[in-house]
Amino acid sequence: MPRRTAATLATSGEVLRLIRTGEAVTRADLGRVTGLSRPAVQLRVGELLDRGLVVERADAPSTGGRPPVRLEFNAVGGVVLVAALGASRTRVAVCDLAGREIEGRDFAIDVEQGPDVVLPLVMDTWDELLGDRPRSMLRGVGMGVPATVEFAQGRTESARVMASWTGVVIPPVVRERFPVPVLIDNDVNLLAIGEHRGAYPDLDDLMFVKVSTRIGAGVIAGGKILRGALGAAGEIGHIPVRDGGGVLCRCGNIDCVDSVASGTALLRDLRAAGKDVKTIADVTTLVRAGDAETMAIVREAGRQIGEVLSVAVNILNPSVVVLGGDVAEAFGPLVSSIREVVYRRSTALATRRLRIEPSRLGAGAGISGCAVMVLDHVLSPDAVDESMISRLKVTS
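Everything in the sequence shown is counted per our numbering, starting at 1 for the first residue and increasing by one.
For the record, the hints were derived by calculation from the structure and aren't laboratory data. Please note: incorrect hints may appear among the correct ones.
In silico lysine to aspartate or glutamate, EDC-like type, Cα no more than 16 Å apart, as pairs [said to hold, decoys possible]: (1) Lys275 x Glu293; (2) Lys224 x Asp204; (3) Lys278 x Asp204; (4) Lys224 x Asp205; (5) Lys275 x Asp291; (6) Lys224 x Asp326; (7) Lys224 x Asp202.
Note that this is a predicted model, so its numbers are computed, not measured.
With the hints as constraints, model all of the structure from the sequences given.
What follows is the structure, given as structure tokens:
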């Protein structure tokens, strides 16, 4: 096989990558880094300028004579549509090509109403948020859903959880309205991606654990999201715990940590204990008032979550475990119990430098993760090059 040189690799997509990362910010830089000739650099930069992916700035420092023209990634040269669907709350947004939210909206909707209700509402909201922006600016769509997702197909695979979504392939439905690349993933994977890129970009190994209506995890391993063979990685909510009391989980198994320690489980157990609680906010009020029985139930939930996480820490050895979701964010006693059990039951080496911390981005990590997922795809060298070829075929 012939040896590939730097020049043969430096397509327009690769040139954009160098400009986006700041590795090369002038034409001279590009020639030096890639080995491309001046005309070849000019051709590739011209293609990127025509696509609106790059702009020129005449403010680069001069070393004598005319200052060189600086090339800059044009983050406002396009938009992506993103949606973070939760069990009861959803946020829909329009982001620029740097992943910054331009317009967004929150609304309450029960995803159990099914895709025929939820997806049209989300797409109608995107249309409203786009407003008068030219549809030619749209580069891609990213969506997170609270279900297991076969990532390559964008197919939801929850047989008992979100039952009405089972087997639904979402991308074709969205592309009928928005004919651009559409990527779908599990909501907690996207929280992990958003938290990693936004708060821990220098760490290669991170686990995001969402404790909310349900419990799940997203794993960053070697700097990338770990989805597994079909997208089922991170389903810690369906790992059974000891002394769970024989609770039937929605997945069909007994004593899954999701069924005994999630927000839904806390409300169920507190009501069974005679507490008048309708929402997690009601539980928070009892915890702050120092109600002993509530505190005991919350701490026990933390212990059960910690038991599961200690196994995950031993297997994955993350640098940081990030705890997010409204339950984790509301209850200090629950988080304290998680920390105590993880440090006690995980190996000494796995916990030597382990940090267990609250989410820094909160709910915003979901939107950020959606944007990162779709932008990493549509702005990858291969995707940019393919779009260039497609554009030539259309215009020729």
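Here's how the hints hold up against the structure:
The straight-line distance between the Cα atoms of Lys275 and Glu293 is roughly 9 Å, inside the 16 Å bound, and the hint therefore holds. The suggested pairing of Lys224 with Asp204 holds, with an alpha-carbon distance near 8 Å, which does not exceed 16 Å. Of the supplied pair hints, the one linking Lys278 and Asp204 is violated, its CA atoms being roughly 40 Å apart against a limit of 16 Å. Taking the CA atoms of Lys224 and Asp205, the gap is about 8 Å. The hint holds against a cut of 16 Å.
The straight-line distance between the Cα atoms of Lys275 and Asp291 is roughly 10 Å, inside the 16 Å bound, and the hint therefore holds. With a C-alpha separation of about 25 Å, the suggested pair Lys224 and Asp326 falls outside the 16 Å cut-off, and the hint is violated. Between Lys224 and Asp202 the CA atoms are separated by roughly 12 Å; this keeps the pair inside 16 Å, and the hint holds.
Hints 3, 6 from the list above are not met by this structure, while the remaining hints are.
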